[in-house]
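**Q** Sequence:
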Amino acid sequence: MTRVLTDQQQKFLDVLFEEAAGDVVAAKKLAGYHGASSTSSILKSLADEVNEATRNYLARVAPRAAVSMHGVLLDPTQLGVRDKMAAAKDILDRTGFAKTEKVEVGGTGAIFYLPPKDKSDDD
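Numbering-wise, the sequence shown is residues 0 to 122 according to numbering that gives the first Met the number 0.
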């Protein structure tokens, strides 16, 4: 169930990742909150919505991270390659595109399962 937000709360969320570029104090001002309003209380009241907006933002920039990784493959001599790759990897990891590890399990011997020991077997 989605809760109903005030116009000011919705404006805060709308500008947080756009005009405010993630700066919560700037988002507070752009949303029209009074200067004396506590930024932490605004964030506390919108914690779930800010988390959801953050997930949505990361999902929006994930394609750019993938394209950036591809760009490094095309030109590995560009400046800041290591940092660019690390940032792209972190974004893709957080959006569910983590590198998958495959482990092959094998063996040559058989495994035997024995029934549990009876109390009478101990005598």
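Just so you know, the hints here were simulated from the structure itself, not pulled from any lab data. From a predicted model like this one, the values you see are computed outputs, not experimental measurements. Among these hints, one or two may not hold up.
What the hints assert, rightly or not - Here are the simulated BS3-like cross-link-like pairs (lysine-lysine), alpha carbons at most 25 Å apart as the crow flies:
#1 28 to 43
#2 98 to 83
#3 10 to 28
**Q** To test your reading of the hints: which numbers does this structure violate?
**A** Structure breaks no hint.
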